[in-house]
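Peer 1: Make the full structure from the sequences, and use the hints.
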Amino acid sequence: MTAGGVDVDARLEGGTLGLDRFRVRDLAGAAITASGRIVDVARAPDGRIEASVSVEDGKAAAQLAADLLPESRTAALAAVAGPVATPLRLRVELDARAKGEGTVAAAVLSGTAGATQIETRMAFEGRVDRWRDAASISMPGWRGRTAPG
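Counted the way the UniProt record's numbering counts, the sequence shown spans residues 1 to 149.
Hints in this document: simulated from the structure, not taken from any laboratory.
C-beta: ideal position from N, C-alpha, C; glycine also.
Mixed in with the good hints there might be a few duds.
To be verified - For each label pair, taking beta carbons as the anchor points, the in silico distance ranges come out as: (1) G4 to T120: 27 to 33 Å; (2) A98 to E56: 37 to 43 Å; (3) A98 to D26: 34 to 40 Å; (4) D7 to R48: 18 to 24 Å; (5) R73 to M122: 18 to 24 Å.
Peer 2: Here it is in structure tokens:
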């Protein structure tokens, strides 16, 4: 796997994650940008990070999934969905506020995959080390199955 046009100014120091600039022009056909700052990442995160991903060539993205996760369900899904899920334009916004010993966080994933609108909201309230007890996911309008069956 190769990446082109990489420009990163990031640091993790004293529990603070800073992304002044994170840009990858071409990672298996995907362009990725991110920026933001979150303090106290491991205990009570507080801050905001925004990121975007765009993919023009679904075949390249499917190949990346096959390379990273060979013989997985993800790779099989990417092989089928990749060509029809492009162009892909996704935006992620993560907003976290420290609250007592934990944090209240919300993430929004929105955009398009081919002709499909995507909007997913994730919420978290609690301690990072107990994240399974604190997370919830909402996908407005979703009528598909969310569990294997």
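Peer 1: So, for every hint listed, does it hold in this structure?
Peer 2: Structure-based check of each hint:
| no. | hint | result |
| --- | --- | --- |
| 1 | G4 to T120: 27 to 33 Å | holds, 29 Å |
| 2 | A98 to E56: 37 to 43 Å | holds, 39 Å |
| 3 | A98 to D26: 34 to 40 Å | holds, 37 Å |
| 4 | D7 to R48: 18 to 24 Å | holds, 21 Å |
| 5 | R73 to M122: 18 to 24 Å | holds, 21 Å |
The structure agrees with every numbered hint stated previously.
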